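Enquirer: Sequence:
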Amino acid sequence: MAGDDDPETPVSVQVRGIYTTALTHLFESNGETRVVRASEPIRDRFDAEFAVHPEDVVVDTTGDRQGVGVTGDPDAVASLDDHLRVGVDTLAWDDPAPAGAVFDGVVTDTLGSGAVLELDDENTEGFLPYDAADDYVEEGAVIRVQVDDPKPPWESDRAGLTTDLRVDGGLVELRQGRSADTGEAARLASLLNVDPPEGWGPRWAYGSDEAGMDALRTSLERAAERTEALETALVDADPDAAPARRHAPRATRWYWFGRESRFALDGHRRAVTTTMPGHHRTKAAHSDASAAVDFAEAVCEPEGEFPFAAVTRQFGPREGDRVGIGHGKPEGRLITLGRGEVTAYDPEGGITLEREMSPGGSYDALGVRREAGDVAVTKFREGRWWYATVYRDEAGETKGTYVNVCTPLEIFPDSVRYVDLHVDVVRHADGTVERVDDDELDAAVEAGYVPEALAEKARDVASRVENAL
1 MAGDDDPETP
11 VSVQVRGIYT
21 TALTHLFESN
31 GETRVVRASE
41 PIRDRFDAEF
51 AVHPEDVVVD
61 TTGDRQGVGV
71 TGDPDAVASL
81 DDHLRVGVDT
91 LAWDDPAPAG
101 AVFDGVVTDT
111 LGSGAVLELD
121 DENTEGFLPY
131 DAADDYVEEG
141 AVIRVQVDDP
151 KPPWESDRAG
161 LTTDLRVDGG
171 LVELRQGRSA
181 DTGEAARLAS
191 LLNVDPPEGW
201 GPRWAYGSDE
211 AGMDALRTSL
221 ERAAERTEAL
231 ETALVDADPD
241 AAPARRHAPR
251 ATRWYWFGRE
261 SRFALDGHRR
271 AVTTTMPGHH
281 RTKAAHSDAS
291 AAVDFAEAVC
301 EPEGEFPFAA
311 VTRQFGPREG
321 DRVGIGHGKP
331 EGRLITLGRG
341 EVTAYDPEGG
351 ITLEREMSPG
361 GSYDALGVRR
371 EAGDVAVTKF
381 REGRWWYATV
391 YRDEAGETKG
401 TYVNVCTPLE
411 IFPDSVRYVD
421 LHVDVVRHAD
431 GTVERVDDDE
441 LDAAVEAGYV
451 PEALAEKARD
461 VASRVENAL
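Take the sequence shown: its letter number 267 is residue 267 in this note's numbering, and every next letter is one higher.
No wet-lab data here; the hints were simulated from the structure.
From a predicted model like this one, the values you see are computed outputs, not experimental measurements.
Think of the CB as a built atom: it goes at the ideal place given N, C-alpha and C, for glycine as much as any other residue.
Be careful, since some hints might not be right.
In the DSS-like style, the derived pairs of lysine-lysine whose C-alpha atoms are separated by at most 30 angstroms in a straight line are [said to hold, decoys possible]:
#1 Lys457 / Lys399
#2 Lys379 / Lys457
#3 Lys399 / Lys329
#4 Lys399 / Lys379
#5 Lys329 / Lys379
#6 Lys329 / Lys457
Across the chosen pairs, the derived CB separations fall in these ranges [said to hold, decoys possible]:
#7 Val368 / Lys329: 18 to 26 angstroms
#8 Val375 / Ala296: 34 to 42 angstroms
#9 Ala395 / Glu446: 39 to 47 angstroms
#10 Glu303 / Asp81: 29 to 37 angstroms
#11 Asp364 / Glu456: 20 to 28 angstroms
#12 Asp157 / Ala395: 39 to 47 angstroms
#13 Ala429 / Asp346: 21 to 29 angstroms
#14 Asp294 / Thr343: 31 to 39 angstroms
Sequences are here, hints too, so could you generate the full structure?
Expert: Here's what the structure looks like:
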């Protein structure tokens with residue numbers, strides 16, 4: 001209920017994870033959003049009070065630190081889009097299985113720890129751990145499930161499911177089958193003169209004890225209304241029509257931040273507190289980097305460029321390391337283009353990766369066979385909008401060069417990450433230069449996967465590479 005349906009009321013946002021300071025500054029400074037339920041470190045950093053009030057939207061850092069997931073009222077989630085597109089290489093996707101959505105899913109496979117369920121007729125899948133199911137699970141069974149742990153499209157994991165239904169109201173969650181009559185949570189609910197629907201009991205969120213009675217009452221009323229809406233939707237559901245989505249009152253949208261976007265977020269954070277160049281780029285690289293970044297910022301005033309040498313010497317990659325190529329697709333998927341050995345390391349910002357190619361098929365656009373003994377040598381440079389791969393045969397003869405145009409490269413300890421922008425340039429063994437796949441980029445723009453500004457940048461990069469070759 002963004003702004004209580006009043007367009008003049010700011011959308012309330014709760015922010016969590018490594019981008020919290022930057023996004024808090026962004027949301028607090030635009031006049032259209034307000035941050036609520038801020039942590040104590042954020043309150044101290046901003047030297048400000050933040051309301052303890054049920055949020056319209058939760059913005060949470062993804063597990064791999066590559067971006068954020070945004071979940072909440074659909075209109076409120078949509079209203080944040082312009083704000084969260086902080087750089088030309090910010091990309092976004094709507095989740096077909098948003099947090100809290102309820103499906104009648106069909107079990108398609110049983111694995112060692114749980115079952116794979118088909119959730120709708122659009123090939124949306126989820127994973128139900130056996131310990132989150134309330135009954136025996138077998139293939140072909142129809143099971144009513146709720147999305148408990150949505151996953152960004154670039155991760156290989158399926159959305160986590162549960163058979164225990166829950167409804168979130170912000171400061172309180174109503175759980176089906178939980179006693180509504182006993183315990184401290186129930187007693188607090190009775191003080192608010194709000195009765196949860198029959199068969200549902202409250203569980204108050206961490207930090208709710210700091211909220212006023214009005215905020216608690218609003219949260220419980222919101223949860224009760226949403227629970228009644230869920231029950232109505234499930235009563236009307238056709239039991240023979242499965243798989244099917246039954247109820248999805250909230251939306252989940254994923255944002256992947258590219259390198260330029262991370263540096264833009266650095267600017268927001270720097271407006272509040274000491275921030276080293278590449279603060280978010282470094283924290284996104286490795287979980288251990290957070291403590292190192294915090295220490296560096298606590299003892300000095302970092303200035304200058306992103307310290308590629310210091311970061312890679314501490315966390316990698318270095319010569320001899322094995323690194324994957326994390327090839328993101330504009331529609332949100334992530335493909336690993338194999339792993340190779342770092343054969344050269346440049347502390348100024350680059351690595352050379354060598355991969356042995358398996359035989360079979362041909363190299364895209366080059367039109368030459370992939371044979372036993374072939375080697376791919378790829379040079380990556382941090383922040384560059386393209387990279388080149390030279391393919392050589394067993395005798396060392398060049399079979400062709402493929403230049404991939406992409407969002408600015410980030411060289412992380414275990415992989416090089418970017419999103420492919422379709423258009424590429426190839427140089428054949430005879431010296432002929434060819435530009436390919438402009439039509440695929442155009443199609444991605446038309447489908448809404450690539451913003452026009454990003455597509456124009458990709459076309460410009462491809463033209464400059466083509467002229468240089």
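Enquirer: Run every hint past the structure and note whether it holds.
Expert: Outcome of the hint check:
1. Lys457 / Lys399: With a Cα-Cα distance of about 29 angstroms, the restraint between Lys457 and Lys399 holds, given a limit of 30 angstroms.
2. Lys379 / Lys457: Holds - the C-alpha atoms of Lys457 and Lys379 are around 21 angstroms apart, at most 30 angstroms.
3. Lys399 / Lys329: Since the Cα atoms of Lys399 and Lys329 sit roughly 26 angstroms apart, the hinted pair holds (cutoff 30 angstroms).
4. Lys399 / Lys379: holds, 16 angstroms
5. Lys329 / Lys379: At roughly 20 angstroms apart (the allowed maximum being 30 angstroms), Lys379 and Lys329 satisfy the hint.
6. Lys329 / Lys457: OK: Lys329 and Lys457 at ~17 angstroms, within 30 angstroms.
7. Val368 / Lys329: 18 to 26 angstroms: 24 angstroms Cβ-Cβ, so the 18 to 26 angstroms window holds.
8. Val375 / Ala296: 34 to 42 angstroms: holds, 39 angstroms
9. Ala395 / Glu446: 39 to 47 angstroms: 44 angstroms Cβ-Cβ, so the 39 to 47 angstroms window holds.
10. Glu303 / Asp81: 29 to 37 angstroms: holds, 33 angstroms
11. Asp364 / Glu456: 20 to 28 angstroms: holds, 24 angstroms
12. Asp157 / Ala395: 39 to 47 angstroms: holds, 43 angstroms
13. Ala429 / Asp346: 21 to 29 angstroms: holds, 27 angstroms
14. Asp294 / Thr343: 31 to 39 angstroms: holds, 34 angstroms
The earlier numbered hints are all upheld by this structure, with none contradicted.
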